[in-house]
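*Asks:* Here's the letter readout for the chains.
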Amino acid sequence: MSALDGRAKLPVVLEIRNLSMRFGGLMALSEVALCVRKREIVSLIGPNGAGKTTLFNCITSIHQPDSGLVLLTDQRGTEHNLTRLRPHQVTGLGMARTFQNIRIFPSMTVLENVMVARHCRTKAGILGALFRPPTVIREERDIEEKSYALLKYMGLEAVYDEDACNLAYGQQRRLEIARALATEPFLLLLDEPAAGMNPHETEALRGMILRIRDEAKLSILLIEHDMNMVMSLSDHIYVMEYGCNIAEGSPEEVRANPDVIQAYLGEAHA
Amino acid sequence: MRGIVRSLLVSLWFVFLTFPLLVIKVVPNTGEVIWRWKNAAGIGIGIFFLSFIWRALLVKRGLIPQEEAGIGRLMQYLSTPMNKQRVVVACLLICGWGPLLYTIMGSGWSLDRGLAPPLQDGAFTPLQWAVFVARALATFWQEILAALLSFAAVQHAKGNGARMMAILRRPTQPGPARNITIILLFLCLLPLPYLMKIYQINVLIQTFIWVMLGLGLNIVVGQAGLLVLGYVAFYAVGAYTYALGNALLGGAHIGFWFFLPLGGLFAALAGILLSLPVLRLRGDYLAIVTLGFGEIVRLILESGSLSLLPFVGLLPEHVIHSLPTWMKTPLNFGGPAGIGGIPPPGFFGMRMELDDNLRYVYYIALAMTVFTIIAVSRLRDSRLGRSWMALREDEIACEAMGVDKIKAKLTAFALGACWAGFGGALFAAQTSYINPTSFTFMQSALILSVVVLGGLGSILGVALGACILILLPEYLRAFNEYRMLIFGISMVLMMVFRPQGLIMPKRKRRVIAGMDAVPPASAGGFEA
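The listed protein sequences correspond, in order, to chains A and B.
Just so we're aligned: the first sequence equals residues 28 to 297 in the numbering used here.
Just so we're aligned: the second sequence equals residues -13 to 514 in the numbering used here.
Certain hints may be false.
As the list claims (entries may be wrong) - Below, simulated BS3-like cross-link-like pairs (lysine-lysine); rule was C-alpha separation at most 25 Å, straight line:
| # | chain 1 | residue 1 | chain 2 | residue 2 |
| --- | --- | --- | --- | --- |
| 1 | A | Lys65 | A | Lys150 |
| 2 | A | Lys150 | B | Lys391 |
| 3 | A | Lys150 | B | Lys11 |
| 4 | B | Lys11 | B | Lys24 |
| 5 | A | Lys65 | A | Lys36 |
| 6 | B | Lys11 | A | Lys173 |
| 7 | A | Lys173 | A | Lys150 |
| 8 | A | Lys65 | A | Lys244 |
| 9 | A | Lys36 | A | Lys244 |
To be verified - Pair ranges (Cβ atoms, derived):
| # | chain 1 | residue 1 | chain 2 | residue 2 | range |
| --- | --- | --- | --- | --- | --- |
| 10 | B | Lys46 | A | Lys244 | 55 to 61 Å |
| 11 | B | Ile392 | A | Lys65 | 42 to 48 Å |
| 12 | B | Ile392 | A | Val39 | 27 to 33 Å |
| 13 | B | Leu173 | A | Glu242 | 22 to 28 Å |
| 14 | A | Pro133 | B | Pro177 | 26 to 32 Å |
| 15 | B | Met477 | A | Ile164 | 23 to 29 Å |
| 16 | B | His142 | A | Ser134 | 31 to 37 Å |
| 17 | B | Pro263 | A | Ile164 | 56 to 62 Å |
Unchecked claim - Which stretches of chain A does chain B cover? Using the computed rule of at least three CB atoms under 8 Å from a CB of chain B, they are:
| # | region |
| --- | --- |
| 18 | 105 to 118 |
| 19 | 128 to 134 |
| 20 | 152 to 161 |
Don't read these hints as lab results, they were simulated from the structure.
Quick caveat: nothing in here was measured; it's all calculated off a predicted structure.
Cβ atoms here follow ideal geometry from the backbone N, Cα and C, with glycine treated the same way.
Assemble the whole structure, with the sequences as input and the hints as a guide.
*Replies:* Written as structure tokens, this is what we have:
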């Protein structure tokens, strides 16, 4: 799917147009554009401080961008502008994310971590919690079963009753992915999932991401520094520097792009 | 040696700290100053020994290295197993202080009580010496006996206590044993009002109300992690709803049972009202704003009335005339004098004696406490409870996982306040008279202490905390003067040795069928 003409035929899931964001005097993002198509793995790379995570935060409405559009097209084909929504509404529409610095709920159990993420797909309220009618009991059992199935999928079922903070680093990363999947997304945003992993674990993660894409039928937008992983996974790559797009294309095109080489290796190689 | 010097310094420091409170006493009417030196001596000696225990505990918990504590020999002594000989030595060591203290302080202290012979010109007659020595020896033996007994008790309690705590801290497992315990406890509480005096029934009702308050605050502070320091304001809203409502529209058919839910509702509304401006605040800032809210409510109650006149007065004259009178009359809170004559709860229009009424209130309080415990534990295990917990753990991740932060905060505030409202209405019904002094910041701090002492987030812990903080002061009225001192010391000790509270929060234990089939070894690493 690396050829551009093949790409153009797929329907667009997420489109970002002219997104700008300013922190005081610092232009964190200027006129950024990006596009994710259905069932694609799109990577976002760039040196540290290029604005990749800021872009993620704008997409998920944690930050409000100063200008520009973030358009999400849901499964039914309706287009939503995300820039004025609140983060939980974005998740409700079907986009989930993980965080660069792991943000699991440390003193909840592994299973409960995933169960929380079922929140936007369930609806028991105060009265339901107090009186526990059969529908609520069924819903709770359903939440529990679905969450456990996800843990099993991510290979975490043996530690389901541990406090999440007691998990090993790699397990915490997988828990974050399981939690994101529990919100039933059609677009998954992964912020440096391989950070701090050894080559063996990274290789396993690569397989896992591909498997998730194919089995859960997702599109994936990925920030990553591990070039081997990015090059072998991605259908399409965007490169950012100083808050701007500097290049995009298939892995081969990006690898050969002189601007990218300059951004990563400095002037002398340009 | 260094340890002894350290303990001496610590004890001196404590004598200095407590000096104004424990040693100097000014007689109110004459202004005469009484110097109670034996209190200073008592504190000094007491702290000297306590500081050893204190440091031993710190070393045991690994909070300070053993070398720094300077109690190497003590630790060595403690770590070797006990035998009879060592028990006797320990008893002698401890009890040896009895006669010594007796001799040192005896001259002053026992003279007052006529226990020892008076000192005449600094010299004893042989007979007086004999009596003195005999008494010293008698105390000595007496204390050895007491010490042996308490040793035995401690040894016995150590095993049982550990077992008790293990049972209390075990994750909740629904089963016949647990249900039987709960039913037995409930059955023990049922006949109490017919066995106790009025005063004691009142104390128990108070305890129940405080359990409810603690559990309500626990929703906000323990589960949702929002530090609220003005919780008593909601309690006041509930109490004044009943008091004022009764004064305005009370009658034969509108009484406690009408105002109880109304009190809860109004308190919940007040909770939502408070939470709207503080949705963005966390931690310290939230604490300060809620503290202010509590004080505002108290000041309004103290100032005596609330009226719409400042706003109504801005309207043109003829509009004012056409307004209903209730908009023009101020709402009278009774000021510092409070509101009296609040009727006790009715029971199908039956007339009851004072005693029976109190018993009736007791059963209502008991029933409501049971209701609160069930409701709160159900809320904790629900979808809502999980969203509160997630909110407490990580606000950003919680939102990113699809939890509406604002809604979660609003419901936490509303539900937490609601129980304070119920408690307030019940309190008004119990005392039949309320005034603003029941709703000061001290009360807010006390409710928070109940939650923190019992264990943030733990339902059983909060109930236990309420019992300790409400029952103990009632039964330790003898130490009334030092209540705050004891309170402060125990809080400091709690923070050092059990910062998580007496009882750790328990969660519903989830058992999933088929989980045993998976060997735990496969947990690590990806299966690529």
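*Asks:* Going through the earlier hints one by one, which of them does the structure break, listed in rising order?
*Replies:* 1, 3, 6, 11, 13, 14, 15 and 17
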